[in-house]
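Construct all of the structure, not just a fragment, from the sequences and the given hints.
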Amino acid sequence: MKALCWHGKNDIRYDTVPDPKIEHPRDAIVKTTSCAICGSDLHLYDHFIPGMEHGDIMGHEFMGEVVEVGSENKKLKVGDRIVVPFTIICGECDQCKRGNFSVCERTNRRKDLGDKAFGHATAGLFGYSHLTGGYAGGQAEYVRVPFADATHVKVPSTLTDEQVLFLGDIFPTGWQAAVQCDIQPTDTVAIWGAGPVGQFCVRSAVLLGAKQVVMIDNVPERLLMAEAGGAITINFDNESVIERLNELTQGKGPEKCIDAVGLESHATRSIDAVYDRVKQATMMESDRPHVLREMIYVCRPAGVLSIPGVYGGLVDKIPMGALMNKALTVRTGQTHVNRWTDDLLRRIEEGQIDPSFVITHTVGLDQGPEMYQTFRDKLDNCIKVVLKP
Amino acid sequence: MNYLEHASTPRQSSLAPSDKLARGLGFYSLGLGLVELLAPRAMTRALGMEGSENLVRAYGAREIASGIGVLSDNPVPALWSRVAGDALDLATLATALSDDNPKKGNVKIAMAVVLATALVDVMAAKSSTALHVRPRRMPIVDYSDRTGFPKPAEAMRGAAKDFETPPDMRADIGTGQRLEPMQRDLVSRTPANTDPVGQPPAMNNQVGL
Chain A
1 MKALCWHGKN
11 DIRYDTVPDP
21 KIEHPRDAIV
31 KTTSCAICGS
41 DLHLYDHFIP
51 GMEHGDIMGH
61 EFMGEVVEVG
71 SENKKLKVGD
81 RIVVPFTIIC
91 GECDQCKRGN
101 FSVCERTNRR
111 KDLGDKAFGH
121 ATAGLFGYSH
131 LTGGYAGGQA
141 EYVRVPFADA
151 THVKVPSTLT
161 DEQVLFLGDI
171 FPTGWQAAVQ
181 CDIQPTDTVA
191 IWGAGPVGQF
201 CVRSAVLLGA
211 KQVVMIDNVP
221 ERLLMAEAGG
231 AITINFDNES
241 VIERLNELTQ
251 GKGPEKCIDA
261 VGLESHATRS
271 IDAVYDRVKQ
281 ATMMESDRPH
291 VLREMIYVCR
301 PAGVLSIPGV
311 YGGLVDKIPM
321 GALMNKALTV
331 RTGQTHVNRW
341 TDDLLRRIEE
351 GQIDPSFVIT
361 HTVGLDQGPE
371 MYQTFRDKLD
381 NCIKVVLKP
Chain B
1 MNYLEHASTP
11 RQSSLAPSDK
21 LARGLGFYSL
31 GLGLVELLAP
41 RAMTRALGME
51 GSENLVRAYG
61 AREIASGIGV
71 LSDNPVPALW
81 SRVAGDALDL
91 ATLATALSDD
101 NPKKGNVKIA
111 MAVVLATALV
121 DVMAAKSSTA
131 LHVRPRRMPI
141 VDYSDRTGFP
151 KPAEAMRGAA
161 KDFETPPDMR
171 ADIGTGQRLE
181 PMQRDLVSRT
191 PANTDPVGQP
201 PAMNNQVGL
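Sequences listed follow chains A and B, in order. With full-length UniProt numbering, letter number 10 in the first sequence gets 10, and the count goes up by one each step, no holes. With full-length UniProt numbering, letter number 110 in the second sequence gets 110, and the count goes up by one each step, no holes.
Looking from chain B toward chain A, a few residues come up when the C-beta cut is under 10 Å (computed):
1. I68
2. D145
3. A160
Hints in this document: simulated from the structure, not taken from any laboratory. Glycine included, each C-beta is placed from N, C-alpha and C at the ideal position.
What follows is the structure, encoded as structure tokens:
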């Protein structure tokens, strides 16, 4: 079969690889009908996440048709149409029972690596390094889904792929980011990063009733899309984020802040961004945490920082004094996808939201390698790429 | 929906030839920089520029900085810095072209090498800029109709009011009895951190699943 494989920094190739097989009775094999490039795939593309190996199949946003099921998998049958959550879950461990699916205790088959990197391993993820299990990803014609009897969302045929594909990651990720803020009708929610997750953060915060939603970025077309979703926008190339946020909140700062950027922030005109660039390039720091610093600084005391943006390792110069003294609550984590999907699928079916709004490019899987570059470099007004194997 | 105009023909790899060239230049920069930094006397002797060792060391540090930049995730500025560095190298070498320099021939060879390298640097910088840098006057597609909602966004504010934040994600854990939005005006009339009977509230760590 064909798949997009990682071959080193900035080197994604359209390769021929062996077809996947059932390896465990709970498995299923899915024929991919649609998959997508996620912003967090770019951290692998830029090689900021350790633990990738040559030939690893990329991708963790995908859906398709079940073509084979393992003998113990009683929940799925051949022909089922499913979206596959990016977090692989057993559904039975203590964390899964609590709904903390992204830290499932059983699905990371490279627990040894996860333990070394993070102290305790997190769940297995598709196509996201060997720290999270080294599972083959979904940017491929076929995918083996481990623990498939728990790791799936059945979707009705009445909805298109484009409407449901993002249930596997970015929609619940944006939703969880907003939910973690515990949004109240009086809240101003400031969101950094108008990429796909940021766009879903905006819609989620609006649906959950925030008084004001503010989007911070410097990419004009992305700000336009955020504005369409109900956000007040701040282009940090043109105005001061801190001054504008204070102006919008009578000098008190936003109650809730969401970092939808993660480890590769591009705040080109700030001193700390230059500092991070130098430290990252010289391998003295793995992540560029400009957004974290700014959120801590602008957030209203006793506010909440929600961090869906992916961080991979070590950061520097985090203003812990401000974080502690302002009594800020920090909520973060990979998304507990299955915790939200039933509710979000219902909202899609009821027409409350149509997630396909975010798609700007739909191309064949063979165009994946160049789309990684187009998406990374923000060329061609690219916001979200869907690939059709 | 397909707005793809940038890409025309499928590429086998996302790594373009210009990226590979840039990477090669990055390693070349690191190598040359190390030599200049660690063995400046060998270079000044070969070029008849004795006494300029500290200058060569400084140029070595510059080369290393350029090399690190070229090998980073944003190589374009560092590639252009290499071009500027080439110009500086040529200007410095030109000062050693005096007739009393017995190594004048070596200087000419060095200048030819730097010139050739400069051409490669310009080529790499221009092609990387074209490939990776977002044009300043790039036409912007108007996504202002991409609401994702069936109605204008303002009409959708609070449409998910049926959703209840799970207890483990509430912002007021341990700070008081949770009130529904319509009860919020009561908060101002209730002493902080007390429940209606005046007792501190119990922590609720149960996950409602």
